[in-house]
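With the hints as constraints, model all of the structure from the sequences given.
Chains as they are written, first to last, in my numbering: chain A, 1 to 307; chain B, 1 to 505; chain C, 1 to 397.
These are computed hints drawn from the structure, not numbers from a lab.
Ideal Cβ placement from N, Cα and C applies to all residues, glycine included.
Treat the hints with care, since some could be wrong.
As the list claims (entries may be wrong) - Some but not every residue of chain C turned toward chain A, in silico, with C-beta under 7 Å:
1. Lys243
2. Gln252
3. Ala272
Said to hold, decoys possible - DEER-style ranges, computed between Cβ atoms:
4. Asp198/C to Leu361/B: 34 to 40 Å
5. Leu361/B to Gly139/A: 47 to 53 Å
6. Gly362/B to Asn144/A: 56 to 62 Å
7. Ala236/B to Lys147/C: 38 to 44 Å
8. Thr71/C to Ser396/B: 23 to 29 Å
9. Ser396/B to Ser37/C: 51 to 57 Å
10. Arg185/A to Gly51/B: 50 to 56 Å
11. Val67/A to Phe373/B: 56 to 62 Å
12. Gly138/A to Ser290/C: 26 to 32 Å
13. Leu361/B to Thr71/C: 31 to 37 Å
14. Arg56/B to Met197/A: 54 to 60 Å
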Amino acid sequence: MDNFIQLTLNGLTLGSVYALIALGYSLVYGILKLLNFAHGDVFMVGTFIGFGALQLLGGSTDPIVPVWLLLILITFAAMAGCAVLGVAIERFAYRPLRDAPRIAPLISALGVSFFLAYSMQLMFGSSLRNYDTFSLSGGALYFNGFDIGNVRVPLIRIITIVSAFVMMILLWLLVTRTRVGKAMRATSFDREAAAMMGIDIDKVIVFAFVLGSALAGAAGVLFALRIPTYTGIGFLIGLKGFTAAVIGGIGSIPGAMAGGLVLGFAESYTQGYVSTRWSDLFVFVILILFLMFRPQGILGKADIRKV
Amino acid sequence: MSGGYDDELTRPLKGALEATTSEGPTSPAVGRDEWVARHGDNRMGRGGRLGLLEDRLRFVPWWAWLTLFVVLFSLVPVASDSGYVRRVAFDIAIYMLLALGLNVVVGWGGLLDLGYVAFFGIGAYSYALLSSDHYGIHLPTIVAIPLVVVIGACVGFLVGLPSRRLTGDYLAIVTLFFLQLFLTVTTNGDDLFGHNVTGGANGILRVDPLSFFGHALPVSRQGGLFNPAYLYVVLAVFVVVFVALRFVNLSRTGRAWRSLREDPLAAEVMGMPVNSLKLMSFAFGAAIAALTGTFVTAVNASAFPLSFSFPLLIIVYTMVILGGAGNQAGVVLGAVLVGILLELLRDPGDSRVLFYAVVVLGLFAALRLSVRFAVVLAGVAVFGLVVHSIAGAIDSGWVNGSGGEGGGVADAMANWVVVPVAPAGWVAPVSYISVVSLALVLTLVRGWARLALLVPVLYLAAFVWENVMIAHPEPTRYIVLGVLLIALMILRPSGLLGEKRVEII
Amino acid sequence: MKRRGGIAIALVAVMAAALASTAGAGSSAVEQSQAVSCKSTLKIGFAAPFTGGAAYLGNEQLSWAKYAVKTLAPKYGLKVKLVTGDIPVENGPAGALTIAQKFAADKSVVVMIGPSTSGSVAASSQTYFDAGLAHITASATRTSLTKGAVKEATPYFFRVVSGDYIQGPQDAKFMIKKGAKNVVVFDFQEPYSQGLSDAAEKVLKAGGVTTTHLSVSNLVTDFSTFVTKVPSNADFVFFPAQKPADAQNFAQQLIEQGKKAKVFGGDGTASADQFKVPGSYVSVFSPDISTIPYDKPLIAGWKKDNPGATLGPFGPAQYLSVQVALNAVKRACDAGKGQIIDRRAVARNVKRIYVKNSILGSDFRFSTKSNDPLNGGFYIFEIQSNGSYKDITASTK
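Here it is, written out as C-alpha cells:
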C-alpha cells in the first residue's frame, strides 16, 4: 500500500509539471494550429534561467534572501525570461510564416528547437545543473511535510503540486472570465472573423505565447528544484508534455491539465508495477491508440471539417 | 537535373520567347501551383550573358547532368589517396540516398515524416541481424539486401497506416513517436522477454561486409584505408534509385502524388486513391532508407542505436529543404552541400576559412558588386583593425590566443579578430546572446541603419565564431543547421532548385 | 535554373575549394610503410568526448594529456603535437569510426591515446589495427574489450587502468565485507554500466546477498519511481552512473523517501564537486595523487597551466598513457635509427614499456596475458561529512 501511495505521489508531482507544459502547447495550437516543437526547449531555458538566478542570489547553500522569497524570485525570473524568449521566437520564426502552408512553420519550429538546445549547450556545456534544493535551509524542504501512512510527503512536493494547480486555475480564470481570454477564444475559433470584429490578432497571438512560455518557465523551475537539468532535457520533456496535450485534447485547457495528470500517473504506475525499461514504450502505445481512435483526446472536441 | 521540364508537354517550343523583366531575378515564377509555375511562358528569365547561358543549359537533358555528376564523384578516390576523404565521400553518397528517399515522402507525397531515420535504422539492424555472428545467420548479400528492402517497405506501410486518418501535424507526431519507439526498442532490445535481439546499447558488432558471388568486399585495405569499392557500389545504387524514382515521378503515380500534395481534399474528391498514395509514398521512402542502412552497416561492421537519432533526422531534412523538396536534383545537391559543410565544420582551420568565405559571399549575394558592398567590407575591416589594436594595447593577453590553424587565412585574421588567451567564463554566453539579439534586430531595421549595424554585427560574429564556436564543432554544426532551416523556411522555402509556389491574387 | 542556379554554382565552388584544400592536406601518403623522420613533428591522436554529457571526462583528460606532451616530449628529444577528435557520447560509437579514419589517413600520427569510451573502442579498434596504430586508453574499462571468448578490441589496444572485471567484483566484495545482506544494482542501458553491474551482481549473489536489478535509461534524471522501488531494508545501491550529478540526486532522493541504503558509485560518478552526499562510496581507477609525495611537482606544474582547475580522478591516468606512448615512440625511433619505419614498430614496443614510480603511485607494466596493467586495482573512497573523498582502499584489503 505504501508503494501505491508513493507512486501516486510521484505521478501527481510529475503530472503537474507535464500539465503546465501541455498548457503551453494547447494555447499555441488553439490559436495558430501550430505544434510548437520549440516549447520543450523553452522549458529547458527556464530551468537554466532559474539556475542562474539561484546562483546570483547566493546559491543554495548561502542564499541572501529567505528561502520562500528566493523561490518566488527565481520562478518569476524564469517566467519573465521565457516569456521574452517566447515572444522573440514568435516574432522572428513564426510570424513570417503565418500564411505559409502548414508544413513551413512546423519545420521552422524544428529548427528553433535545435537552435535553442545546441546554443545552450554551446554556451553552458552539457553537464548537469543541480539546484541542490536539498541544501537550502539545511534540507528543511525535504524533511518538513506531512505523512500519509508510512510515506512522507515533503514540503518540496507540496510546493510543486500546489503551485502548478494554482497557476492552472489562474490561467483558466483568465481565459474564461476576462476580455483578453475571450479574445483568445474567439481567435482560436475563427481567426478571420475575430479580426473582422476588431480584435488585434497579432496582440492575441503574442499574448498566447507569453502565457504559454511563462508557464513553461514556471514548470522549469518547479521541475529543476527536484531533478537536475541539462541542455538536452527539452526534447524529452517537451515530447512528454506534448503527449499530455494530445491525450487530454489539444486546444483545450482543462484537457491539458487532465492529460498531464493522466500521463504522470501512467508513467509512474507503469514504472512501478510493470517494468522500468518499457514504461516509455507503454506511453507511446497509449498515445498512438489515442491518436488513432480518439484524436480529439479526452476532453477535446472532434474537429469536423466541412467540405 | 530536369531543367524544369519533366515531360514533353510542358517544354516550350524552341525559340519561344521567355518573359523577362528589368526588375531582375527577384521576381518569382507566377502561378498558384507547381504546374502553372513550371509552364514555359510563366517563367521569368535573367537578362544578359548569364541569362543566355541559362537558356542554353536548359536544353541539356537530365541524364547528361546525372552522368557528369556521377563521373565527377567517382573521380574523388582518384584525386585523393586519403582514406578519410574517401570515407567522407562515402558518407555523402549515403546522405544523397537518404535525401532521395525523404524527398519521396516529403517532397512528392507532402507528408511530414519525422520518423524517417527509424527506417534507416531498421534497414541497418535487419542487415546486421541477417549477416553477422549475432544469430549466426550469414546470408549472402544478394539475398540479404532485397530482403531488407522488402522489410523496410513493409514497416513503412505499417507506419503509414495511421496516416490515413491524420492530418499533417498529427502525422508528424505519430512518426516522431515511432522514431522514439525504435530507439527505445533497440536500446533495450538486449532483454526482450529474455532474448538478446538487438544487442542493446552495445549494438551488434562484427557484421559481415558486402559479398558478391562469394567474394567478400573488405572494408579496409592496406593500412586501414577505406576501400573505395564501397563508394562505387553506393554510387551505382544511387544511379539506379535516381533513375527509377524519376520514372515513377513521371508516371501516373507521380502525377497523383503531385495532386495529393497540392490539395488533398480536391484530390480525394476527384477520385484519387489518397490513402493508397500516402501508403505508397511511405513505403517507397522507407524502402530506400532501409536499403541505405545496409551499406552503412556493412562498412561500419556494426550497428548502434544512437546512430539513428533525432539529430540525423534534422541533417537529412536540412538537405532536402535546402536543395528543394520535390526536386531530385535539388536534394542531391543539398546532400552534397550539407555533407561537405558538416565535415568542414569538424576541423577548426577549415571552419575558420569557411566562415569568412561565407560572410564575403553572403554580402556579395545580398549587395552585388556595388558601392554598398565595398563600403561594408571596408567598414568591417577598419572597425576590426581598430578594435584589435585598442584591445591589444590595453592588454596583449587579450589578442594573442589564436590557435593559428587554417594557414594563411588564420594568420591574416589573427591581426583582425580579437582572440583572448584565456577568456573569462562570461565571455562566451554574453557575446553569443549579443550577436544573436543584434542579428535579430538587424532584420528589423532598414536602409542605411541596417548597413551601419551590419559592421559591428559582422565583427562580433567573427569574434563569437573564433572564440566560441570553432572549439565546439558538435553544437556548432547543429546550430548552423537549425538557423539554416529557419532562414530557408522564411526566405526561400523552395530551396535551391525547388519550384516556387506563389499566389495569384 | 535561374538566380538559384547562380547561387548554387557559387556555393558549390566554395565548397569544392574548401574540400580541395582539405584533400590536399591528407593525401600525402598512401602506403603506411612510408617512414616518418623522428626529427619532424610527430602527432599523437586523441579521441574523447569533448562536448556533450561526458565532456567533463574528455576535457579533464585533455588538460593532463597536453601537460604530459609539453613536459615529457622534450625529455625524449621528440617534437610532438596532440591532435584531437571529438566523439560525444550522444552520437553513439559510430562517430569514432570517422575520427579513426581521419587519424589513420594522416601519416604523421604515429600513436593514439584513447578512445576514452568503451563503446568507441569496440567500434573503431579494428580500424586502428588495420592502420597499425596502437591505441592506449586511460578510461575505457569495459571487460569485454580485452577478456572473454570474443574480445571486442584488437591486439593493438592497450589500457593503463584496470578493467571493470576488477572494479565490479572489488566493489561487491567491499559491500559484502561491510555486512550487506540486500543490495540494489542499477544499470543505465549502456555498455559501461551494464558490464559493471553484471560483474558486481555475480559476486554479490555468490556471496549470498539478495540482489534487485533495476534498469533506467541514462537520459532520465527523475529517479523518483526507482527510489520507490529500493527496498527499505536495502543496505547499498550500486549505482554505476556516468554523471556524478545523477548519483548526487539519487542519494538525496533516497534520503527524501526515508531509505537507509547507501549509494556506491562507480568511477563515472567520481567528482568531489558534484557527488558529495556523506556516507556514500565511490570506486575509482586511480588514487588521490595528491597523497603521493613525488607527484607534488607534477601537480604544481599542471595547476600552473590550468589555473582554477580541480584535481580529478581521470587526468593522471591519461598522463601515464601519454608517457607510455612517448616511450614507445622513442624506442621505435631508436630501433629505426632516427626514423619510424612503420607505425607497427611503435605498437610492438608498447607492451614492453615499464615505468618506475608512475604517477599513479606504483610501478607500471602491462600484464603478459592481456593488454591491461599487471596487478591492477581500483581504489575505494568514502565521502566524509564535509563532502571530501577519503581513500579507504587500504582498510578494505
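**Report entry** Hints violated by the structure (numbers, ascending)
**Finding:** Numbers 3, 4, 5, 9, 13 - these are the hints that the structure violates, sorted from lowest upward.
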